[in-house]
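Go by the hints and put chain P onto chain U.
Protein chains in written order, with the working numbering: chain U, 1 to 222; chain P, 223 to 511.
Just so you know, these hints were derived from the structure itself, not from any lab.
Even for Gly, the Cβ is constructed at its ideal location relative to N, Cα and C.
Do not take every clue at face value.
To be verified - SDA-like cross-link-like pairs, simulated, lysine to any residue; straight-line CA separation at most 25 Å:
hint: 1; chain 1: P; residue 1: 272; chain 2: U; residue 2: 148
hint: 2; chain 1: P; residue 1: 251; chain 2: U; residue 2: 153
hint: 3; chain 1: U; residue 1: 56; chain 2: P; residue 2: 498
hint: 4; chain 1: U; residue 1: 140; chain 2: U; residue 2: 172
hint: 5; chain 1: U; residue 1: 53; chain 2: P; residue 2: 444
hint: 6; chain 1: P; residue 1: 248; chain 2: P; residue 2: 224
hint: 7; chain 1: U; residue 1: 53; chain 2: P; residue 2: 494
hint: 8; chain 1: U; residue 1: 140; chain 2: U; residue 2: 153
hint: 9; chain 1: P; residue 1: 272; chain 2: P; residue 2: 251
Claimed, not checked - Here chain P is said to cover these stretches of chain U; the calculated rule only asks that three of the stretch's residues, wherever they fall, bring their Cβ under 8 Å from a Cβ of chain P:
hint: 10; segment: 5–11
hint: 11; segment: 33–46
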Amino acid sequence: MKDYGVFDVIGPVMIGPSSSHTAGAARIGKIARDILGTDFNRVIFYLHGSFAKTYKGHGTDKALVAGVLGMGPSDENLRNSFEIAQAQGIAYEFIEADLGYQHPNTVKIVFKSKDKKDSYIIGSSIGGGNVLITNINGNKVEFTGDYPTLLIKYYDRKGIISRITSVIANNDINIASMKVTREDNIATMVVETDSVIGEKIINEISEAEEIIYIKGINPMLR
Amino acid sequence: MFNKAEELLRLCNEKNKRISEIVIEKEIKVNKTSYEDLMDRMHNVLRIMKDSSKAALDKEIRSVSGLTGGDAKKLEEYNKSNETLTGSLIISAMAKALSTSEVNASMGRIVAAPTAGASGIIPSALLSAQEKLNLTDEQVIMGLFTAAGIGEIIAKNATVSGAEGGCQAECGSAAAMAAGAIVELAGGSPEASFHAASFALVNIMGLVCDPIGGLVEYPCALRNASGVVNGLISADLALAGIKSLVPFDEVVDSMYRVGKMMPEALRETALGGVANSPTGEEIKRRLLN
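With the rest of the complex left out, here is chain U (with noise of 0.2 Å):
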């Protein structure tokens, strides 16, 4: 049984309409924005299921924009995304599609800029503003962003997780969870703390050798 605090119940405050349409939407353009950076001047949002069909009258098409260009659920310049987007110079698309075996509040957001590779995320908005980022340029993840997040791609040896740990024990955070998957010899770790991850400690993992990737995302307030 999961402990409700007061404000999960009156509570989050948020844009309208919906929790899951708009609220969750948001989260999620923000998260993409976290983890692929601000290096881009143009984003397609492939949108599946619900997101596909109700989108417009939900204003999800413009909380996606607003979690992007940096916005929370609960900023009220939010339904004006898209003028903001104009302004910086920022183009976007919404394409209806068909994103396979997925939650039906699904978004795949791709960030393009003129010269870098395209990167993306897909992430799924699951009710009560709560999202689930399932995947990032291709390697599958699963994490909710409520939690300080380090994002960790590697090749694999022995001793590298215990090391990683390590790292993260030595500098007194306690670890909430933590998945590993490989492809290859590539493996991706999630792992989610109970305590804010600072510079010190991603650039203390960075020291590895094995490690081709690393990125904290810190949670955004409710």
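For chain P alone, kept in the frame of chain U given last:
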């Protein structure tokens, strides 16, 4: 500390405290927050609730889809210029509930309580009680904690999601939370709060979730208006000393089981109820193209 109404009531009686006080004690302990921080956050919640309850009373606010809007203002004007059937308090409460629902549908800021779809009920109920009983903001905030405690019990033991339990789980829960809160604000006992909450849930048990076009607009706004009335009359019933024959925990369980029996077409899929009436289907076609 408590998962059921029975446990919460036992704590109230052992410590001789109100529901709101027990809820605050638990929040401070479980979420390691300070009393001041908790009050600050709830003051902010109340401020947003007040804004959303009033925003659409004197100006017409239309939804993003263009389907609905302007009804809160109509009710407010009707209340001012007419001898109404049900009286000023009821009409004004409905107008406030519609106002928040219209703000929500226009991509304005609201507090999901417990959800965005039912967000008009609790603000309107508590602000109506504030006007009628001359309560301070500090007192109203205590009501919000009482509402949160009741909502927590429903969320833990059943559901507050329309997709899982139908409208009874959203607008029913909001009305139950509001009813219990008002009873406490009016000086009723913790037991009476749960009688009121039971009445509100029983009154709309089985209500389906059938939003036209899948949008949180119609009949959602109407059900926020009837939901706040349900909350207010349920509070009055309990304050009159009437008792719920079935304890709140069993009512919550019954509501959950009814939700489980409901076909998917009646749980927020827009495939049943007025959503798939000929007019509902026609509107859906128009909205999607």
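Consistency of the hints with the structure:
1. P:272 / U:148: At roughly 33 Å apart (the allowed maximum being 25 Å), residue 148 of chain U and residue 272 of chain P break the hint.
2. P:251 / U:153: Roughly 38 Å separates the two Cα atoms, so the pair is violated.
3. U:56 / P:498: Holds: residue 56 of chain U and residue 498 of chain P sit about 20 Å apart, inside 25 Å.
4. U:140 / U:172: Violated, at roughly 28 Å.
5. U:53 / P:444: It holds: about 24 Å lies between the C-alpha atoms, which stays within 25 Å.
6. P:248 / P:224: holds, 9 Å
7. U:53 / P:494: holds, 17 Å
8. U:140 / U:153: Cα-Cα ~11 Å, so holds.
9. P:272 / P:251: With Cα atoms ~29 Å apart, residue 272 of chain P and residue 251 of chain P exceed 25 Å; violated.
10. 5–11: Since three or more residues must qualify, the claim that chain P covers the segment 5–11 of chain U holds, with 7 doing so at under 8 Å.
11. 33–46: Violated: only 0 residues of the segment 33–46 of chain U have a Cβ under 8 Å from chain P.
In summary, the numbered hints that this structure violates are 1, 2, 4, 9, 11.
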